[in-house]
Every structure is written in structure tokens, then in C-alpha cells.
Amino acid sequence: MSLEAIVAIIAGGLVSGSLYALMASGLSLVWGTVRMFNFAHGALVMVGAYSAWYMSNRGGLAKALQPLGKSIIESSENSGALGGLLLPLGEWLVSMRGGFGLVLGVPFAILCCGLVGYVMYVLLVKPFVGKPGADLVVIITTIAGASFMQNGVQVIFGPRYKQLDRILTGPPLQVLETAIGLQEVLVIVLTPVALLLLHFFLKHSKLGMAIRAVAQNDDFAHLVGINVGQIYPLTFVVSSILAGLCGVMLGGLFFILPTMGAQELLFAFVVVVFGGLGSLPGTIIGAYVIGFIRESSAYIFSLYWAPVVLFATLILVLIFRPRGLMGGEES
Amino acid sequence: MLFQVENLTSGYGKIDVVRDLSLHVDDGEHVGLFGPNGHGKTTLLRTISGLIETKAGKVTFQGEDITNLDARKIVARGLIHVPQGNQLFPRMSVQENLTLGAYVARTDKHKSSNFEKVFSLFPRLKERLTQRAQTLSGGERQMLSIGVGLMGMPELLILDEPSVGLAPIIKEELARAIAEIAASGVTMIVVDQDVELLLGICERLYLIEKGTVSLETADVSQVDQAEILEMYFGKVT
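Residue numbers (the numbering used here), protein chains in the order written: chain A, 1 to 331; chain B, 1 to 237.
Just so you know, the hints here were simulated from the structure itself, not pulled from any lab data.
Every residue gets a Cβ at the ideal spot worked out from N, C-alpha and C, and that includes glycine.
Mixed in with the good hints there might be a few duds.
Each pair of labels, with its calculated beta carbon distance range [as the list claims (entries may be wrong)]: (1) A:Leu111 with B:Ala179: 53 to 61 angstroms; (2) B:Ser22 with A:Ile315: 54 to 62 angstroms; (3) B:Asp16 with A:Ser147: 40 to 48 angstroms; (4) B:Thr60 with A:Gly130: 23 to 31 angstroms; (5) B:Ser112 with A:Thr169: 33 to 41 angstroms; (6) B:Thr60 with A:Val119: 53 to 61 angstroms; (7) B:Glu155 with A:Leu197: 32 to 40 angstroms; (8) B:Glu127 with A:Thr169: 51 to 59 angstroms.
Excised from the complex, chain A in its bound form (with noise of 0.2 angstroms):
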């Protein structure tokens, strides 16, 4: 194997690895405290991807918002006072044809996702919370709620692909004679950041902590007065945040479409139990294993063949771990 080829083995790796990190941290987030697994996870890495494009392209709601901009400019020339106030507004929205951009556009992306996993969690999961069977529930609940996002997603904004503009242009990195888009080393600097602010999250906040809590015993998170039932849905909001990012940093490698996710979802699925279900370290260093043999395996034997792999990969470790790589550590 030549240098070139390791090195874009490294590279591709460790950018499957971070796409994986982030999905898989929030699925093994929600696995551990609430017990459940969340099968619209990759609904959301695509509601992240689209929120975000909708935001910063100009085909998304800086189109939507020209009429409303060239309506207040007209209006503001004849009505005095208030136009005068009115009309820097109208100038502005009309400036603004080319999109808001990625700086408004990511906000946004966490917020609407965020949104949609605590309205996810009040209508999907939390009717089921104590109920007996509730997790087999939750799987048809939630993959019922994919289901309908996705063909949400299709109705209001059609089945053509959208990209998310490159937020880094030049060309490419040089490493060893290899060539490494700037996209993809954002997503390398960037993933390990994010997934650093989650720690610091969970270690450090009193919310965090909480999680962390119920996830080891929440019988006695109810006694020392942590409100349990508050902790549920800040989970599935912590981990739809987590999704989106990943929506975001898919929807500027790859194409924009409403079944996005879903293949990313899979592997997240893997990895998870891969690294131990519930811990949060196992699921990272999981992450990046998986995105590793995934890489080299599409080099090796071919694209088609790293799902084979992989799968190949998680039965022999479940053979001599069946609890995972790090099954029953830190939660």
C-alpha cells in the first residue's frame, strides 16, 4: 500500500469517524438515560442539513422573504416617520437575496433541532415512558416519525438535492502528495470540538451531571431531587443538537436529500453497540474504528464491500466482548 493511500485511508477515516462520533454520541446519549432507542435519529441529521440550507442558500428563505422586503420599501416611502425606521429593514431583507449563510444558518440548524427532538420526545416517546413494552413502542413510534419528516421534508421542498454552500474555498490540503478538501478538514478540526463541548456538558453542568445521573441510577436521582422527568426530553434535545451538527457537516460534503441519514444512522447503530451500549467514550473511540475499516475496506476490496466488513467486524467483537469495546464504563 503506498503513502497516498494511507494517508487518504487516514483522512477518510477520520472523517466517517467524526460523522459517526456525532450521531452515535446522541443515540448512545438517549440510550443510556432513557433506556430507548431513537430510530428518527437520522430524520434529524437531515431536518439539521435542511434547517441550515434553508437558512443560509439563497433559494431558502431569503427568496421566500423578497417580496415581503420589496413590499416594505414601497410602503415605507409613504408613511412617514415609521417608513424611515422601516425602510433600512426592507433594504436590508432585499440585500440579503444570496442567503443568510452558514454563520446564521448553523444557529439556526441547532435550533431547529433541538426544537424538533423535544416536540419528537413529547409526541413520539414520553406517552410510553413507564408503560410496559414501551421501548418495542418507541422503535414503531419513531421510525413512524422518520417516515413522516422525511415525506415532510419532500412535500416543501421538493426531491432535488441541495448542497450547502462550502463555508472554506481554496484549494485543496497537500498532506504527503495527498489531497485533502478543506470541507473535510473542518469536519476533522471541528467534530472533536463539539464533542469536547459535550463533555464539559455532562461533566461539568449541573443539567450534565443530572443526565448523567439518571442514566446510572435514576431511582436515587429522584431522591437526592433532580426532576427526572425534565432530564428525558433535555436528553433527546442534547442529542437532536448533536444529530443536526452532523446534518450539517454531511450537507456540506454531500448531497441534501429527504432520506439523508438514514444509511448514516445504520452505521451509527453499529458503532454504538460496537463501543458499548451507553458509554459515551466507547461509542467515540467506536466511532472512529468503524470509520477506519469502513475507509480502508473501500480500499481494499471495494465500496460495496465495507458494510460486509464492518457487520464481519461487530460479530467477532460481540463474539469476545458482548458487551462492546467499553460495554459498562462511564456513562
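We have chain A; now place chain B onto it with these hints.
Coordinates of chain B only, in the frame set by chain A:
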């Protein structure tokens, strides 16, 4: 009267474990509950602290009805229940466990002095500050459980079987610490199988059998140990 339980009935599903039980605790008093296993002591405590629904009866704390209130609201009022056996956050450090003990807002201002109180009572916890709860010994875990309870600044502290499964020497250490907490003026309900331990701490005892109070001793200084053993085991013939 600080705390009162009147005709309480509760249990799991259709089965009543606690039946028509009444007891009371005065301000500053230390009351012991004892009785055979499986007769509803723990269920009673879990009902009081809001983990199990009350089917009938009434729980009053500081003059207010707290029957079927959310557990967190009961904790916020200062009724702290230290549950039986190793109920901790196992994969968190001693420090994190204690920090979570001070989760309710009213303890915020006193957090550092509460830490000091717990450490002076259990110096071993200070030595083990960064260690995970699951790696502690049984005695240390029990100390940590009580420490977590104290971080919540109890107006009424309920200890469920603090001495269960501990070596005699550690039991003694723990009994001293509990007596120290009692002497500092914290009102307490202590549940234990070890009547001797209860006699060292409590002014009054209740014997709980078949989910209800079957005997009540007015003042432990008036009764001798043989009588209590008789209550427990029946008359030796």
C-alpha cells in the same frame, strides 16, 4: 410535630405492603424503626419520599400535606431519604456524588460548608474524593450515601438500614458518625435490624410487622434490651 404519617396504605400493583400505618416524629427527635425483613419498612420509606404512590392515608411534613408529592419536591423541603444498600451513582466520583447530593437550590449557598461537615464526619471520603463510587468498600459506600444525604441539608433525615452487611468494626464507626449527626440536632428516622444500634441513637422505637406498627416504645431509656428482644422474637420459653 415535624412529621406525621396517618393510616398510610401503599404497595406494588394490587398488593398492599404497608397497611394502615401511623407514626409521628417530633422536632429534634430520633426515632428508630425495626422489624423482620419483608414487612414493609423500605416500602414505607419509599412511599414517604414519593417514589411509590400512596393509596390511602396522609403524610404531613412541617405542617403541610406532602402525600403523593413528586419526590423532588419532597427533597426540596428537606425530607431526605438515604436509601438502602449501595444506592449511589456508581460510575461517578465521590465528589460528583456529593455534589449531586446538593442538587436542590436551597443548599447552593452552603455547599462548601456542607462539604466540610461531611469530610469532618467521614474523613475517609476526603481521601477518596476522585475515586469512583463503585470502587469503594461497602462501609465507604454507606458513608458516601449518608454524606450525599447530608449535602441536601436535611430537616428530617431518613436512613434505611445503614448497618446492613457491614463488618462489626465498620458498623461501630458508622454508628458513632450517625450518633454525631443526631447530636448535632438533625431530626432522624433510622431503620435497622440491629436494635442495639438503634438504642444508641434513638429516643423512641417502632416495631413494624406485617406492614403496620405492632408495638411502640415510649422511651427507650425506660425499657431494657431484653424486653425489646422479646418484642422482636416473642417470649423465650
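Kindly confirm whether 54 to 62 angstroms is satisfied by the beta carbon distance between B:Ser22 and A:Ile315. Since the Cβ atoms of B:Ser22 and A:Ile315 sit about 60 angstroms apart, the hinted range of 54 to 62 angstroms holds.
Does the beta carbon distance between A:Leu111 and B:Ala179 stay inside 53 to 61 angstroms, or does it fall outside? 55 angstroms, holds
With respect to the beta-carbon atoms only, verify the hint that B:Thr60 and A:Val119 lie 53 to 61 angstroms apart. 40 angstroms, violated
Honestly, do B:Glu127 and A:Thr169 meet the 51 to 59 angstroms range at C-beta? Holds - the Cβ-Cβ distance for B:Glu127 and A:Thr169, about 57 angstroms, lies within 51 to 59 angstroms.
If you check the beta carbons of B:Glu155 and A:Leu197, does the distance land in 32 to 40 angstroms? 38 angstroms, holds
Does the Cβ distance between B:Ser112 and A:Thr169 fall inside 33 to 41 angstroms? Since B:Ser112 and A:Thr169 have Cβ atoms about 52 angstroms apart, the given range 33 to 41 angstroms is violated.
Pairwise beta carbon distance, B:Thr60 to A:Gly130, judged against the given window 23 to 31 angstroms: Taking Cβ atoms as reference, B:Thr60 and A:Gly130 lie about 28 angstroms apart, which means the hint holds.
For the range 40 to 48 angstroms, tell me whether the beta carbons of B:Asp16 and A:Ser147 fit it or not. Between B:Asp16 and A:Ser147, where Cβ atoms are some 45 angstroms apart, the hint holds.
Violated hints for the displayed structure, listed by number in ascending order: 5, 6.
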